Amino acid sequence: MTMLENIDFQLIKEIVSCICILLGVGFMFLSTIGLLRFPDFYIRMSAITKGATLGLGLILLGIGIYFNQPDILLKVLVIISFTFLTAPVAAHVIGRTAVQNRIPFWSKTNLEEFKPYLHKERLDEVLNTDKYTEEDLKSRWSDDGDE
Amino acid sequence: MNLFQSTLLIAMIVLSVCLLLTAVRFAIGPTLPDRITAFDLIVANVIGIIAIYTEFTNNEDFIDVAIILSLFGFLGSISFAYYLMKITK
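The listed protein sequences correspond, in order, to chains P and H. Add 561 to a position in the first sequence, counting from 1, and you land on the number used in this note's numbering. Add 32 to a position in the second sequence, counting from 1, and you land on the number used in this note's numbering.
One or more of the hints may lead you astray.
What the hints assert, rightly or not - In silico lysine-lysine, DSS-like type, Cα no more than 27 Å apart, as pairs: (1) P:Lys-669 - P:Lys-681; (2) P:Lys-681 - H:Lys-118; (3) P:Lys-636 - H:Lys-118; (4) P:Lys-611 - P:Lys-636; (5) P:Lys-676 - P:Lys-611; (6) P:Lys-636 - P:Lys-681.
What the hints assert, rightly or not - Here's a subset of chain H near chain P, in silico, CB distances under 7 Å, partners left out: (7) Arg-57; (8) Gly-80; (9) Asn-91; (10) Ile-95; (11) Ser-102; (12) Ala-113; (13) Met-117.
Just so you know, these hints were derived from the structure itself, not from any lab. Please read these numbers as outputs of a predicted model, since none were measured by experiment. Ideal placement from N, C-alpha and C gives every residue a C-beta, glycine not left out.
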């Protein structure tokens, strides 16, 4: 018991929290540099989704360790689980929108397995019956007729 | 100022620099999905800043702001992408 009394738990808590926060901030900084420097929208989005989610999780874990109370830990776990659930979903939706808006890929990206999907999407675009694009489709068909 | 507080100060400065660099991408981003992604990272950075500010001031109430912000950031990026798909489809 005397061993336990000699240990400064406050200092250990602060050191562990510091390490977690510095790691998280480092990941956040790396993902920001990735957002600024990567050549392509899809690669940038991948950097954001992985790096920022891990960095945010580590920062919040540091907070939970430092405060050392059950309610704070519960709130931190709520934020972490929500971020880990929603970041891939948002990245998936934005990536799908980007593909359908014909955002260009990087020239070195290997698209061999993706080509059938793009071909199918192009066909679906012509067969689309969405009411917002009816005029667009009519003009496209008349253009085809003229050719 | 002990080691812990200076660590928090360094973390806050680095996150602020991250926010500035993300704003640069937000300004020069060639397409609209780039800007949506940059907005996503801005929300994540602000959540991190709020968390560190909570630890800095020892006031536990600010962590609720981070919960609400994580919820609204997801809703914002999803609705941006949804209406972008609706308009250009």
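Going through the hints against the structure:
1. Our distance criterion of 27 Å between C-alpha atoms is met by P:Lys-669 and P:Lys-681, whose separation comes to about 22 Å.
2. With a C-alpha separation of about 19 Å, the suggested pairing of P:Lys-681 with H:Lys-118 holds against the 27 Å cut-off.
3. Using a Cα cut-off of 27 Å, the hinted pair P:Lys-636 and H:Lys-118 is violated, with the two alpha carbons roughly 35 Å apart.
4. Distance hint between P:Lys-611 and P:Lys-636 is fulfilled; the C-alpha atoms sit about 22 Å from each other, no more than 27 Å.
5. Taking the CA atoms of P:Lys-676 and P:Lys-611, the gap is near 26 Å; set against the 27 Å cutoff, the hint holds.
6. Of the supplied pair hints, the one linking P:Lys-636 and P:Lys-681 is violated, its CA atoms being roughly 44 Å apart against a limit of 27 Å.
7. Satisfaction of the interface hint for H:Arg-57 is found here, the shortest Cβ-Cβ separation to chain P being roughly 5 Å, below the 7 Å cut-off.
8. The restraint placing H:Gly-80 at the interface with chain P holds, with a minimum CB-CB distance near 5 Å, inside the 7 Å limit.
9. With a least beta-carbon distance of about 11 Å to chain P, the hint placing H:Asn-91 at the interface is violated under the 7 Å criterion.
10. This hint holds: H:Ile-95 has a C-beta 5 Å from the nearest C-beta of chain P, less than the 7 Å allowed.
11. The criterion of a C-beta within 7 Å of any C-beta in chain P is met by H:Ser-102, whose closest approach is roughly 5 Å, and the hint holds.
12. The interface hint given for H:Ala-113 is met, as the beta carbon of that residue sits about 5 Å from the closest beta carbon of chain P, less than 7 Å.
13. Below 7 Å, beta-carbon pairs count as interface contacts, and H:Met-117 has one with chain P at about 5 Å; its hint therefore holds.
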